[in-house]
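Based on the hints, put chain B in the right spot on chain A.
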Amino acid sequence: MVLMRPDPTFYPSPGMAMQAPPERLAYVALLNAGKNGERDAMGVIDLDPSSSEYGRLVGRTDFPRGDNELHHFGWNACSACLCPQTPHPHMERRYLIVPGIGSSRIYILDTKPDPKQPKIVKVIEPEEFIKKTGYTSPHTIHCGPDCIYGSALGSANGDGPGGIFLMDANTFELKGQWEKDRGPQQLAYDFWWHLGHDTMITSEWGTPNMVKDGVNPELLLAGKYGHKIHIWDLDKRSHLQEIDLGAEQQWVLELRPSHDPQKTYGFVGVGVSLKDLSSSIWMWYREGSGKNTKWAVRKVIEIPAEPADPEKLPPLLKGFKAVPPLVTDINLSLDDRFLYVSCWGTGEFIQYDVSDPANPKKTGSVHLGGIVRRAAHPNKPKQPLNGGPQMVEISRDGKRVYFTNSLYSPWDEQIYPDGLKSWMVKLDAEPNGGMKLDEKFFVEFDGLRAHQVRLEGGDASSDSYCYSEAK
Amino acid sequence: MTHAEMGTTALWLMLLLGAYHGINPGMGWLFAVALGMQEQKGSAVAKALVPIALGHALSIGSVVLAAAFLGMALPPEAIRYPIAALLFGLGILSLVRHYHPRWVRMQVGFHDLTVWSFLMASAHGAGLMLLPVLLGSRTVEAADHMAGHHHASAAANPLAALLATAIHTFAYLAVTGLIAWVVYSKFGLAILHKTWINLNLIWAAALVVTSVVTLLI
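So the sequence lines, in the order shown, correspond to chains A and B.
Be aware that the first sequence starts at -4, since it is given in the working numbering, and climbs by one per residue.
Be aware that the second sequence starts at 660, since it is given in the working numbering, and climbs by one per residue.
Each statement offered as a hint is correct.
Capping the alpha-carbon separation at 25 angstroms, the derived lysine-lysine pairs in DSS-like fashion look like this: (1) K258/A <-> K700/B; (2) K286/A <-> K700/B; (3) K706/B <-> K286/A; (4) K853/B <-> K394/A.
Simulated from the structure, these hints should not be mistaken for laboratory data.
Extracted from the complex, chain A is given alone in its bound form (with noise of 0.2 angstroms):
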């Protein structure tokens, strides 16, 4: 549908989409765990707090199969359609692209004809998808200034290199592989960019075969699994630069690049270190500049693991007498000021400020599930949660943060073997720091485990911008 004015949630800068209203609705991907028969589905949550169903899931779309392990999906068109490059401004944000790396499978729902039960419109098979792409298992779904990108873990048979694919946006037919020149790149996970200065940067999980089996010890304690981001040209599409972080540090996970086109630095999230199994967060910035530009990286944030008594660990873990915070999701707010930190091992949840990005000052905390911990949600205090802080999700305005607890079923299965059950919180959060969780809002899912948020209009990992405000 072409429109005579452009989405009105797209917005040129992030300090204009912060002044969008807030939103009513919230889609979450809902995966089937396996072992209960139900199939995997698109949760639609009432995020209204006039509204009688306020956090309760008002809307649920079934997907014909409960195999897809639904990941990071995304919509088909957003705030880069404004983008100065091919401005086409006109289209709706409509679609959600919603891949499984369980699957290899696509699945395309709309959510205009009914917001609260999108609409299975389009399916792409896992054959087309490795027939088109030559890779398997999409992860990420980002939509960009010229169509829609994608992440895949691995090639056709599970190995590397995972990579990226491209999609029209339009039509949403698979356009191929994204990059000409991969360089020494052979895992894959998250990938996002710096518009403003032609910049791909992507991360390294593990290939499918590396982690559809659950956490391998052998791979992770000789530090196999992905340790390393990599720096593209995102116009040539070749490989630039590869940034090692130590072969100690493993499960290199979600990239946040300053929303601001104009700077350039953003942060990782790292999953364990071998060492003393902490997790950290580490910055990339640029150095130089022209014909001498490098890119860098520096850890400003490490989460110690905390001593605990082996019964109360998984057998994985048991040896180590410790829980690691596992941070495996991060997510940073339009104005680039505070990042939101998931510890799914420990269950805390942190704020930091991040104004000045070399130095983050923890600004606030939160706990809920944790491997030992088992903290309770104040909407139901005596009942003990379990898995953790996971896929956080921040309002455009930075006022409300959305969080749910599974990571990914074989892997919650090892980390929380009493059987995940899933639930989402969502936080206040303070202008200038800190946060509350709020009592009314606890939603839990029976059977089905929640992963993806996605907020109605937009939120701040849907969107790219390509016009800087700062002053």
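Below, chain B without anything else, positioned relative to chain A:
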């Protein structure tokens, strides 16, 4: 109607089309504004406008010149129908979907911006849109005398084609430059969010209309 009057009408139409192309955000000023914001200085806006105008002129010029040379070799009817068909086809294509050249790069120098502007103008059929005016014009007299030709149409006159390109580009640069400056220094980008009407749709309609005009003149 005298020759001179038709020449004046064509001149004004060229200026108007130039202004119309200048208004379109996708064809110049928006990129200039973005570069100004990226570099945080107004001079970057001005600097970008030169290659943008040059690329536009090259695109327009190559189309009208090609038509002029074809017009010298072929009878008017032989070029009129293909032009009408091209305009019509491009118009319908753009009505169905907004096609645009693939371009991701934002760090652009003089050369890149010239190429970008050339591609954007060419892909949108900016030069084609001028042809009916030249076909319909009896000629711009001065150019005609200098060339020493007396063809029925300015579309068959390379000098008239060059003059038309110059006039068009002048109007284009004046308008796109003015908008770029006003948006950069006064209004800011909020106007993009709310008031950016779908010029591509209007543009597509304009292509179809000019196609019909080409057949009628």
